[in-house]
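Protein chains: 2
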Amino acid sequence: MVNIQLVRNLSQKTDTKIVMVVVDGIGGLPYPGIGRTALEEANTPNLDNLAAISSCGLAEPVALGITPGSGPSHLALFGYDPLKHEIGRGVLEALGVGLKLGPSDVAARGNFCTVDDSGVITDRRAGRIPTEENQRLIEALRSVTVEGVEVILEPGKFHRFVVVFRGDGLSGELDDTDPQHVGERPKDAAARTPEAAYTAGLVNQWIAKVKKALRNEYPANMVLLRGFAGLPKIPSMSQAFKLTPAAIAGYPMYRGLARLVGMEILETGSDIKDEIETLKAHFGEHDFFYVHVKDTDSSGEDGDLRRKVEVIQEFDSHVPSILDLEPDVLIVTGDHSTPAKMKGHSWHPVPFLIYSQWVRPQGVREFGESMCAKGNLGVFPSLGALPLALAHALKLGKFGA
Amino acid sequence: MVNIQLVRNLSQKTDTKIVMVVVDGIGGLPYPGIGRTALEEANTPNLDNLAAISSCGLAEPVALGITPGSGPSHLALFGYDPLKHEIGRGVLEALGVGLKLGPSDVAARGNFCTVDDSGVITDRRAGRIPTEENQRLIEALRSVTVEGVEVILEPGKFHRFVVVFRGDGLSGELDDTDPQHVGERPKDAAARTPEAAYTAGLVNQWIAKVKKALRNEYPANMVLLRGFAGLPKIPSMSQAFKLTPAAIAGYPMYRGLARLVGMEILETGSDIKDEIETLKAHFGEHDFFYVHVKDTDSSGEDGDLRRKVEVIQEFDSHVPSILDLEPDVLIVTGDHSTPAKMKGHSWHPVPFLIYSQWVRPQGVREFGESMCAKGNLGVFPSLGALPLALAHALKLGKFGA
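Residue numbers (the numbering used here), protein chains in the order written: chain P, 1 to 401; chain R, 1 to 401.
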């Protein structure tokens with residue numbers, strides 16, 4: 001059982017340092033013809049040695065049988081119950097393209113689409129227009145203005161973009177304009193609450209002007225918006241846990257997730273090597289470091305066991321550099337499993353390792369799903385990762401006399 | 001952790017098929033002089049082979065240290081929190097004798113008892129009259145009528161029977177008439193809520209007429225009723241989990257429990273062989289099958305380890321026939337433990353096995369309490385069985401982006 005409120009109440013500032021490495025999608029399933037997971041198949045002498053002097057277990061991201069997206073699974077590792085703090089689709093998309101959101105911004109995911117002369121949708125993705133065409137259209141739409149609100153646009157791939165409405169008194173409580181079916185008209189952005197009526201009015205004005213601006217741009221002659229959302233109200237890790245946290249992540253979405261919980265975002269490159277260099281360079285400045293390794297997840301999503309094995313081996317080669325920094329606590333885990341066999345995220349609990357002078361060591365020189373299943377931490381919620389980190393860094397006071 | 005509301009929200013209809021075999025009371029304790037549980041003592045080559053390619057663990061029916069009845073322990077396996085959905089004693093008894101209850105029926109457990117001339121109870125069980133005598137008396141009482149309500153009676157063994165009151169506007173919120181002690185008078189059926197006053201009036205009228213009808217039937221010259229209850233309000237498995245479930249159970253109570261959650265009840269015999277034949281015959285028609293094996297529990301209750309071993313071995317011999325059907329998910333577990341050493345249900349968590357192409361296989365060729373205690377699923381709530389089944393059948397969508 002995890003009690004985050006109690007952890008917050010008992011947390012205290014100390015000089016000890018925590019490094020939490022999130023190897024995205026690290027967990028897997030035995031791969032057909034190989035019979036081992038990527039982590040088991042990988043040659044990881046450093047992680048194996050570390051496991052022997054660490055405590056191990058399996059971390060369950062959200063709940064039994066639940067496959068999480070990156071948002072909820074990261075929130076859990078950062079010490080926020082993902083069932084209480086949901087991140088809207090629009091916000092996650094904005095984070096994914098590197099937009100920085102303010103507290104009263106409302107973000108949404110956009111699609112270019114095709115409508116016929118009567119305004120009925122004939123293609124919800126405008127024939128998946130080339131990304132360059134998308135960029136040209138977004139550039140043109142940046143001159144469409146609505147009084148009372150700033151509109152920020154960022155193109156994505158093909159027909160996708162992100163829109164952020166910035167201004168006073170905005171609310172993300174709006175229904176999608178995307179009816180999800182061809183043969184229907186785009187819907188108005190309808191307010192779900194009285195407070196959102198003002199925002200709905202502004203958004204609908206903007207859409208009307210956009211429609212006019214796009215009228216000769218067939219097939220991308222209209223837009224659909226969905227997943228309107230403002231930033232979730234989350235206390236920072238500094239407020240909640242008395243930490244001075246920093247994030248080292250090569251990909252925008254993970255920097256965005258870290259910013260959501262108040263981490264300082266350190267400039268870094270996209271290689272693991274760059275990230276470790278960044279960790280070294282800033283190790284004196286913070287007491288909590290989130291380090292994100294992305295390509296285990298992308299290779300898992302691609303069903304590419306070999307590549308996933310290579311990424312794990314590459315990370316393994318940097319483990320000694322992390323240990324050289326002498327962190328008081330080092331956690332190596334993932335946000336969720338991404339078995340190459342499934343080519344996607346899955347519900348399987350995630351290998352977890354915590355190293356500190358205060359652990360009960362596992363004694364087994366092998367970091368993998370099978371060993372972690374027999375680990376002395378058992379199967380526990382990912383939400384317990386931060387409490388374990390704080391405890392092993394001696395950052396939690398005693399409960400009761 | 002199990003979050004059933006989330007599982008409901010994420011569940012989706014697919015063509016995959018789940019078979020959940022509930023080997024009633026399968027869990028046990030090492031038997032004196034043998035040192036092994038019935039499951040460990042049994043020769044189960046098929047279950048052992050299956051365990052090696054399955055994920056295993058121990059399922060805890062209700063909570064640590066809690067010994068459950070069949071009602072709550074089955075509800076948990078079907079995906080319903082047994083602490084939120086209580087099944088009244090009367091309802092369970094009615095299901096046990098095969099009565100089909102309607103939504104406004106009120107059922108109660110009855111005892112024939114003995115009262116003296118002043119109406120004071122001298123024997124709460126009427127000297128445990130023979131079952132044949134019970135049947136004769138019940139037949140006679142079927143002619144006792146009360147205006148506004150239909151009364152359905154079904155004899156049980158010795159002094160026991162079940163009564164169902166059927167009519168409009170009835171409520172099960174009534175106190176027992178059984179004072180639980182000799183030397184007291186039977187109590188009136190007292191209404192616990194204002195809405196139940198009408199029902200109390202009808203029930204007390206019926207009892208008064210029954211007392212008169214039984215006045216010359218010493219020792220069975222009065223009745224005591226307890227456990228008044230109507231059907232619990234439970235969404236069907238179809239509503240809750242988008243399943244089309246079917247139950248294959250030889251004993252009435254288990255068919256009744258399955259009917260409570262909206263399963264279709266398939267006609268079958270009382271042998272395991274009959275049940276497997278029924279599964280084969282209907283395998284195309286449903287996507288979830290609950291198969292109940294009863295005699296592991298009854299032999300455990302009798303303290304008959306040998307018989308329990310035989311029943312387990314008999315079930316084991318049918319495992320290949322189940323696998324021949326190629327279910328996407330096969331679960332083998334029990335609703336609770338019934339150690340022969342204890343001659344009754346117990347609180348010990350229950351051996352659990354889930355087989356699917358998406359499991360992390362256990363790799364150990366042995367299905368039993370000790371191996372499951374080291375299983376990669378750990379100890380988890382029985383309420384997680386259905387979420388695990390749905391996840392491994394790919395019937396759950398992703399949570400969050």
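Hints may contain errors.
It does not matter which identical chain is meant; a pair holds if it fits inside one copy or across any two.
Stated by the list, open to error - Here are the computed lysine-lysine pairs in the BS3-like style, where the Cα-Cα straight-line distance is at most 25 Å: (1) K13 - K343; (2) K212 - K294; (3) K17 - K341; (4) K343 - K84; (5) K341 - K13.
Hints listed in this document are in silico derivations from the structure and should not be mistaken for laboratory results.
Outcome of the hint check:
no.: 1; hint: K13 - K343; result: between (42 Å within a copy, 21 Å between copies)
no.: 2; hint: K212 - K294; result: neither (40 Å within a copy, 71 Å between copies)
no.: 3; hint: K17 - K341; result: between (36 Å within a copy, 20 Å between copies)
no.: 4; hint: K343 - K84; result: neither (28 Å within a copy, 37 Å between copies)
no.: 5; hint: K341 - K13; result: between (43 Å within a copy, 22 Å between copies)
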